[in-house]
Amino acid sequence: MMGSPRFWSWAALVAGLLYFFLPLIGMFEFSLRARRGEYSFQAYANVLADPQFRETFLYSVAVALFTIVLGVLIVAPTAFWVRLKLPKLRPVIEFITLLPLVIPPIVIVFGYIRLYNTSSWLPLTGTAMGTNILLVFGYSVLALPYMYRAVDTGLRTIDVATLTEAAQSMGASWFTIITRLILPNILSAILSGAFLTFAIVIGEYVFAALLNRPGFGPYMVWMGGNKAYEPAALAVIAFGITWACMGVIQLATRLSKHNRVQR
Amino acid sequence: MKSTVKASGAIALAALLASTAMVSAQSLAELEAAAKAEGMLTTIALPHDWCGYGAVIEGFKTKYPEITVNELNPDAGSADELEAVRANKDNTGPQAPDVLDVGLAFGPQAQAEGLLMPYKVSTWDEIPESVKDPEGHWYGDYYGVMAFGVNTDLIDTVPTKWEDLLNSEYAASFALTGDPRASNQAILGVMSAGMSRGGEPGEESGKLGLELMAEMNAAGNFVPVAGKTGTIAQGQTPIVAAWDYNLLAWRDSLAGNPPMEIVIPEGPSLAGVYVQAISAYAPHPNAAKLWMEYLYSDEGQLGWLAGYCHPARFVAMTEAGKIPQEMLDALPPAEGYARAVFPTVEQQEANKKVVSEQWDAVVGANVQ
Amino acid sequence: MTDATLAAPAPEPVDTQAPRPRPARAAALPLKWLGVAPFMLFALLFLILPTIHIVLGAFQTPEGEFTLRNLQGLAVPQVVRPFMLSIKISVLTAGLGCLFGLILAAAVTKGGLPGWIRDAMLTFSGVASNFAGVPLAFAFIATLGRLGLVTVILKEVFGINLAATGFNLISFLGLTLTYLYFQIPLMILIITPALDGLKREWREAAEILGASGSQYWRMVALPVLWPSLLGTFALLFANSFGAVATAMALTGSSLSIVPIILFAQIRGDVLQDPHLGYAIAFGMIVITGIANLVYIVLRTRAEKWIK
Numbered sequence: 001m002m003g004s005p006r007f008w009s010w011a012a013l014v015a016g017l018l019y020f021f022l023p024l025i026g027m028f029e030f031s032l033r034a035r036r037g038e039y040s041f042q043a044y045a046n047v048l049a050d051p052q053f054r055e056t057f058l059y060s061v062a063v064a065l066f067t068i069v070l071g072v073l074i075v076a077p078t079a080f081w082v083r084l085k086l087p088k089l090r091p092v093i094e095f096i097t098l099l100p101l102v103i104p105p106i107v108i109v110f111g112y113i114r115l116y117n118t119s120s121w122l123p124l125t126g127t128a129m130g131t132n133i134l135l136v137f138g139y140s141v142l143a144l145p146y147m148y149r150a151v152d153t154g155l156r157t158i159d160v161a162t163l164t165e166a167a168q169s170m171g172a173s174w175f176t177i178i179t180r181l182i183l184p185n186i187l188s189a190i191l192s193g194a195f196l197t198f199a200i201v202i203g204e205y206v207f208a209a210l211l212n213r214p215g216f217g218p219y220m221v222w223m224g225g226n227k228a229y230e231p232a233a234l235a236v237i238a239f240g241i242t243w244a245c246m247g248v249i250q251l252a253t254r255l256s257k258h259n260r261v262q263r
Numbered sequence: 001m002k003s004t005v006k007a008s009g010a011i012a013l014a015a016l017l018a019s020t021a022m023v024s025a026q027s028l029a030e031l032e033a034a035a036k037a038e039g040m041l042t043t044i045a046l047p048h049d050w051c052g053y054g055a056v057i058e059g060f061k062t063k064y065p066e067i068t069v070n071e072l073n074p075d076a077g078s079a080d081e082l083e084a085v086r087a088n089k090d091n092t093g094p095q096a097p098d099v100l101d102v103g104l105a106f107g108p109q110a111q112a113e114g115l116l117m118p119y120k121v122s123t124w125d126e127i128p129e130s131v132k133d134p135e136g137h138w139y140g141d142y143y144g145v146m147a148f149g150v151n152t153d154l155i156d157t158v159p160t161k162w163e164d165l166l167n168s169e170y171a172a173s174f175a176l177t178g179d180p181r182a183s184n185q186a187i188l189g190v191m192s193a194g195m196s197r198g199g200e201p202g203e204e205s206g207k208l209g210l211e212l213m214a215e216m217n218a219a220g221n222f223v224p225v226a227g228k229t230g231t232i233a234q235g236q237t238p239i240v241a242a243w244d245y246n247l248l249a250w251r252d253s254l255a256g257n258p259p260m261e262i263v264i265p266e267g268p269s270l271a272g273v274y275v276q277a278i279s280a281y282a283p284h285p286n287a288a289k290l291w292m293e294y295l296y297s298d299e300g301q302l303g304w305l306a307g308y309c310h311p312a313r314f315v316a317m318t319e320a321g322k323i324p325q326e327m328l329d330a331l332p333p334a335e336g337y338a339r340a341v342f343p344t345v346e347q348q349e350a351n352k353k354v355v356s357e358q359w360d361a362v363v364g365a366n367v368q
Numbered sequence: 001m002t003d004a005t006l007a008a009p010a011p012e013p014v015d016t017q018a019p020r021p022r023p024a025r026a027a028a029l030p031l032k033w034l035g036v037a038p039f040m041l042f043a044l045l046f047l048i049l050p051t052i053h054i055v056l057g058a059f060q061t062p063e064g065e066f067t068l069r070n071l072q073g074l075a076v077p078q079v080v081r082p083f084m085l086s087i088k089i090s091v092l093t094a095g096l097g098c099l100f101g102l103i104l105a106a107a108v109t110k111g112g113l114p115g116w117i118r119d120a121m122l123t124f125s126g127v128a129s130n131f132a133g134v135p136l137a138f139a140f141i142a143t144l145g146r147l148g149l150v151t152v153i154l155k156e157v158f159g160i161n162l163a164a165t166g167f168n169l170i171s172f173l174g175l176t177l178t179y180l181y182f183q184i185p186l187m188i189l190i191i192t193p194a195l196d197g198l199k200r201e202w203r204e205a206a207e208i209l210g211a212s213g214s215q216y217w218r219m220v221a222l223p224v225l226w227p228s229l230l231g232t233f234a235l236l237f238a239n240s241f242g243a244v245a246t247a248m249a250l251t252g253s254s255l256s257i258v259p260i261i262l263f264a265q266i267r268g269d270v271l272q273d274p275h276l277g278y279a280i281a282f283g284m285i286v287i288t289g290i291a292n293l294v295y296i297v298l299r300t301r302a303e304k305w306i307k
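Residue numbers (the working numbering), protein chains in the order written: chain A, 1 to 263; chain B, 1 to 368; chain C, 1 to 307.
Looking at chain A on its own, in the form it has when it is part of the complex (with noise of 0.2 Å):
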């Protein structure tokens, strides 16, 4: 191997580091400062103590929580009987699951706001609760693509069809084979993708405002203007929760790697 090109990767790599965690070590920085003169964890204290910032956030947790559920009820029965009873229809699954990937979220909150209002035949927007409903199904579209790769690809490690026919040899019923079966087979796949909708639910932002519900995403943006360094206190808190969001899902997949068919 020639020296040079190790020289240029070591440069590079040394660019990348310093764009890439300066950002972060400023974010940390600035947020320390809220008392003069002094570091301090003042701004933690104050975010952590804002009665806001606690409705908004579990707000944003509960319908992180709802949407996850949703979703693993909606793509796992879904994902498994198309790999068993309809291979052809794959496709077309699959193409759906990937457009919410192509509009724009932005398009998708327009599209319910004029579609579900209370003059329409679905007035989901009339009430709180039936907003928090339509907030929760539209966070279920947004992470679909994430959810049904990540079941599909639990779905590919186990061989669907024969676990099938053996336990309905057996005698145990649809409902049985999926929750007591299937599910516990792909239990990393489906941790994998409930962190990510949890990761993406949480500090997301164009739902949350435009249909007017107090979540996380919309609390953060009026910190923004409001307030001096909880912003940046903020921001800590929501990458720290996106890493071990991330590290759990390394985790799990690890610690499924060696159920894994090698290839």
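None of these hints come from the bench; they were simulated from the model.
Take these hints with a grain of salt, some might be off.
As the list claims (entries may be wrong) - Which bits of chain C does chain A cover? Going by a derived footprint, with three or more residues having C-beta under 8 Å, they are:
hint, region
1, 52–58
2, 81–94
3, 136–143
4, 160–171
5, 199–206
6, 255–266
C-beta atoms are modelled at their ideal positions from N, C-alpha and C, and glycine is treated no differently.
Dock chains B and C against chain A, hints included.
Structure of chains B and C alone, referenced to chain A:
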């Protein structure tokens, strides 16, 4: 969740109340009962640090715990508020605002479009004539004067007049508080600039103000971002033109980190009045009326005073000795108000027309 | 989290299910389709119908008749300028994202660096490509803003006044810099499998034939990578075009890019024409749709080389 029986009874009562003449105030007890039956009040564009609205809303919630206050978009401008009413004409859900707080020039505009429901509070007579619609569609709530807020960590020489802002030392430093096509505060900021160049309030101030802003933009001193506490402190907009009550509240919330100085620019000092109104399509009209009664009661007016605003009943309440001395002392110094000019509704409308229509063409400030 | 997109698609493994002969069961046909009914209903109600409603609305008058007037209404400067600006930013961030992402990915996979750096880089890229939106804007304000860490360091340690050079974070350049933070990691995630597909034998064969490093890249590696690069460019373009949260948190609603004017139009009819919103949304769908189509077509071509 209210039972359907109770709800239908409430609807009957509300319908009865709605069918009577709107203009005079009903007995407070009946109003309270009807409002509680409705159970919710939807407000819009009420930042908590604007005229102490946070405390005012809390006071309302404490007094009437049965009424949930649903607060929409605190950063909305006056034009956005009217748009929210228009967009939700058929919507009785929580996205439709019940009550509005808009700039003086927006009151007649909304009335002409039929967006407002007339109502006269019980203290109607103590509101000055010049700031209310005789039929009760809109009525002045508070006022303050236009001033500069300066982040003195970043700015060494505090500007004292509008012309100062054209100096090169203020590169990328000045911002208005919003889009001059939609925000009353921003539109009147431009008016104040125009008045500093000798323009009569109205069309002339609009034109001259736009010229000054265009020069500022060409000099690279204007930042086309909405200025607020956060942007002042974080450094994107170290100098902001806003109402003095807002600047004082922001200064308080920053608590010296960074320090902020508030300067009423030399020359004629622009006083801006805001008006309250009830949406004609309000989903909760009785809660809206109760809210108005609360705002114009002594409690509500003092709440605004605590937020550094001069409430509409200021003169009447001072004469009746209802204002504590400490509150009077905390207000901005009186000489800024001594040279205050109160543009009339017509003057504000003329200015608004010029500014909102020609902002793009004359100033053309977009983030490059 | 409107800026996240899929990570690198895993290469298709051999399908573990062999086709089995199934007894003909005519009665089971309707039941089979019942299994996908919930999914179809969900997709229909919350994805397909809203989108179709918008697309149709772009071609309708308020009375409901077919018209091209709304699309013609797009030809005003208040709309054309944002589209041009959005396209400019998207092209720039996609191009720079591709370039820098390729350099970094190449450095990490082929550049002779220790193996653990590759894993660390991929993990970090996974996180960074999702660290978009509001927190990213705050991080950049805290770093490159007037009071940011880098600005202060440049002033105190190097004596360079960043503001005096005319740099402003709230600008086209500032937004580009911020967008690159999630564009580059996305590029790294997608191009790394393609780089892995560059077999070592090709490099060795090129060396034996006397090619220098740059000749290898120019004549062997880049032609092979070309479909992947172009495809990823298209993907990054679409990603940047639809992004709104980052820009809003950075500039408020002052930066005239398409998602922001659409946002303002949805919130309050700032353009004084309700159906213009539909037309703008339709324009967005067309642009991101084309970009994604290009990506998919090129990705299929590129996957030939990976096998």
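For each hint, the structure was consulted:
Interface restraint, the region 52–58 of chain C with chain A: holds (3 residues with C-beta to C-beta distance below 8 Å; minimum three). Counting residues of the region 81–94 of chain C whose beta-carbon sits less than 8 Å from any beta-carbon of chain A gives 0, not enough to reach three: the coverage restraint is violated. Counting residues of the region 136–143 of chain C whose beta-carbon sits less than 8 Å from any beta-carbon of chain A gives 8, enough to reach three: the coverage restraint holds. Coverage of the region 160–171 of chain C by chain A is violated in this model, with 0 residues showing a Cβ closer than 8 Å to a Cβ of that chain against a need of three.
For the region 199–206 of chain C, the stated coverage by chain A is violated: 0 residues have a C-beta nearer than 8 Å to a C-beta of that chain, whereas at least 3 were required. Coverage of the region 255–266 of chain C by chain A holds in this model, with 4 residues showing a Cβ closer than 8 Å to a Cβ of that chain against a need of three.
Hint check: violations occur at hints 2, 4, 5; the rest are consistent with the structure.
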